[in-house]
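Student: The residues making up each chain are set out below.
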Amino acid sequence: MVLATATSISEAYAPVYRYVTPDRPDLWRRSIYRFIVRSTPHAFLTTLDCPSPANLTPARLETTTALQSLALLNNDFMLRQVGHWAKRLEREAGGDPAAQVRRAYALALSREPDDTELTAAVTLVERAGLPQFCRMLFNANEYVYVD
Amino acid sequence: MQSKTALHGPAMFMANSGFILPGFPAMGAWVTYGLGSESEDLPAFVVLPDHRGLPPGGPVNWGAGFLPAIHQGTVIETADGRPPITDLFAAGDHAALIAGEPAGREFLAAVNARHLGPRGDNSELAARIAAYELAARLQLSAPDVTNLSGESDVVEKLYQFDHPDIGPFGRQCLLARRLVERGVRFVQIYCGAENTGAKKIRPNWDFHEDLVRDHGYWGPILDGGAAALLTDLKAHGLLDSTLVMCQTEFGRQPAAQGKGRDHNAGAFTVWMAGGGIKGGTAFGTSGPLGFKADEHPTSCYDLHATSLRLLGIDHTKLSTYNNGIQRRLTDVQGHVIDSILG
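Residue numbers (the working numbering), protein chains in the order written: chain F, 929 to 1075; chain V, 68 to 409.
Everything labelled a hint here was simulated from the structure, so no lab data went into it. The beta carbon of each residue, even a glycine, is placed where N, CA and C say it ideally should be. Some hints could be false.
What the hints assert, rightly or not - Computed footprint of chain F on chain V, listed as stretches where at least three residues anywhere in the stretch have a Cβ under 8 Å from a Cβ of chain F:
#, segment
1, 82 to 93
2, 146 to 156
3, 166 to 175
4, 221 to 228
Unchecked claim - Pairwise CB distance ranges (calculated):
#, chain 1, residue 1, chain 2, residue 2, range
5, V, G187, F, E990, 17 to 27 Å
6, V, K384, F, R1055, 46 to 56 Å
7, F, E1018, V, K224, 31 to 41 Å
8, F, D1024, V, A176, 39 to 49 Å
Claimed, not checked - Beyond 12 Å from chain V on every Cβ pair, some chain F residues (computed):
#, residue
9, V948
10, R952
11, F963
12, R1008
13, V1010
14, E1020
15, A1021
16, G1022
17, D1024
18, R1030
19, P1041
20, E1070
If we strip away everything but chain F, and leave its shape as in the complex, we get (with noise of 0.2 Å):
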């Protein structure tokens, strides 16, 4: 789900490596072997429990944080695909946000919303915007955990 590439600039004792937000199709894909910086870890693979390649991990440590909650609502990466999934979800569903709504909870949760769920959700795209509700359902324990 997540991408990183990196380009470096190199100094006199150590290249510097700064990572750069996929956000190019060519740059969207899932990785089975990745290049690893040692001094430079990604931050935001790092914060959701990425282990250092320096231990021999059989079973990634799995936590909880705060920090996470951060990455996942904040971080650049996941906000410019928030706006991608909106921009698929008014191309596919139209300018109606209950279908909206709906087209996001078969794409995300596959399912449907239930009464109460397509209410609170149609109200806060009307309030807040189809992004804003993308972001939500990024979010979501549903979304994020495999049940």
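Here the structure of chain F is known, so what remains is to put chain V in place on it, guided by the hints.
Tutor: Same frame as chain F, but now just chain V:
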């Protein structure tokens, strides 16, 4: 003091975690693992890097290693104008999302609460909900702690805010006092950053070329900030309950390297203050040349064992089982230095 290595990266790791290899928990991680924190709104282990950048080895120096990731140090940026914590707010192009956030949060809380209903025994889901609540508190507490405008003129003079070189380090030190005041368990300040290539005053204490130039620059900075911090902690009645350690990863040779000096893992000095340390005392000496530790050579294991003891922890008992070994900060070494305890 002595170190096992005269290379910056491994020596930094050793000073921080007791091992020259990366991947081991930093002292701050161990301490918060053992003691938790007194603040509910701020991270337990905070790192305040130099505004010039991160130290050699970067975040590995405050990593949690094989301890739960919540014990990793949280970097708080002290430079004026920089957001204190990464991703604290939707920034840049996404700032428009901030306006509707309260409504969004309400929706998220409701959705998560509904989801939790039939799964009430799942502590991970509940923990995640709590994490969002803490994140919201961090959005208030982090800017609050880094907002130094409320401090008095006396304090600003003490930390020499106006001095172009000492001021930034003074800010880091003042921020450390404010964090400690608010119950943060472990704060680490870095004076200097990783080397860069340009020929100028070193951005750190690695004085290979010109000792007089670079030490002349950095000496007043460390001295100014550290003295201010100790004075300030004492004035706030915090010095007795706060252990202050000033250390480095290795020393310099007594012989010249041009106008500078090369690395020396054989002899260097650390100091400690507050928190139960007996003031005005020294432990150990180097030989007459200052080349090698002579009487009572010590290492980070002894420093860590002594510090943990002052925090009320037996360094041999604070351990965790990982990949077949019962691991601890002091590995299989370390002696408490009784003669410097108050």
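Student: Taking the hints in turn, state whether each one holds.
Tutor: The hints, checked one at a time:
1. 82 to 93: holds (count 3)
2. 146 to 156: Since three or more residues must qualify, the claim that chain F covers the segment 146 to 156 of chain V holds, with 5 doing so at under 8 Å.
3. 166 to 175: holds (count 8)
4. 221 to 228: This one is violated; 0 residues, fewer than the three required, reach chain F with a Cβ under 8 Å.
5. V:G187 with F:E990: 17 to 27 Å: Between G187 (chain V) and E990 (chain F), where Cβ atoms are some 20 Å apart, the hint holds.
6. V:K384 with F:R1055: 46 to 56 Å: 55 Å, holds
7. F:E1018 with V:K224: 31 to 41 Å: Check failed, 57 Å falls outside 31 to 41 Å.
8. F:D1024 with V:A176: 39 to 49 Å: 26 Å Cβ-Cβ, so the 39 to 49 Å window is violated.
9. V948: Non-interface label stands for V948 (chain F): nearest chain V Cβ at 14 Å, farther than 12 Å.
10. R952: 16 Å, holds
11. F963: The claim holds: F963 (chain F) sits with its nearest Cβ about 17 Å from chain V, beyond 12 Å.
12. R1008: Given that some Cβ of chain V is not farther than 12 Å from that of R1008 (chain F), nearest at about 8 Å, it is violated.
13. V1010: 8 Å, violated
14. E1020: 22 Å, holds
15. A1021: 19 Å, holds
16. G1022: G1022 (chain F) is indeed farther than 12 Å from all Cβ atoms of chain V, at 21 Å.
17. D1024: 19 Å, holds
18. R1030: Holds, since 15 Å exceeds 12 Å.
19. P1041: 10 Å, violated
20. E1070: The assertion about E1070 (chain F) is violated, with a minimum of 5 Å to chain V.
Hints 4, 7, 8, 12, 13, 19, 20 from the list above are not met by this structure, while the remaining hints are.
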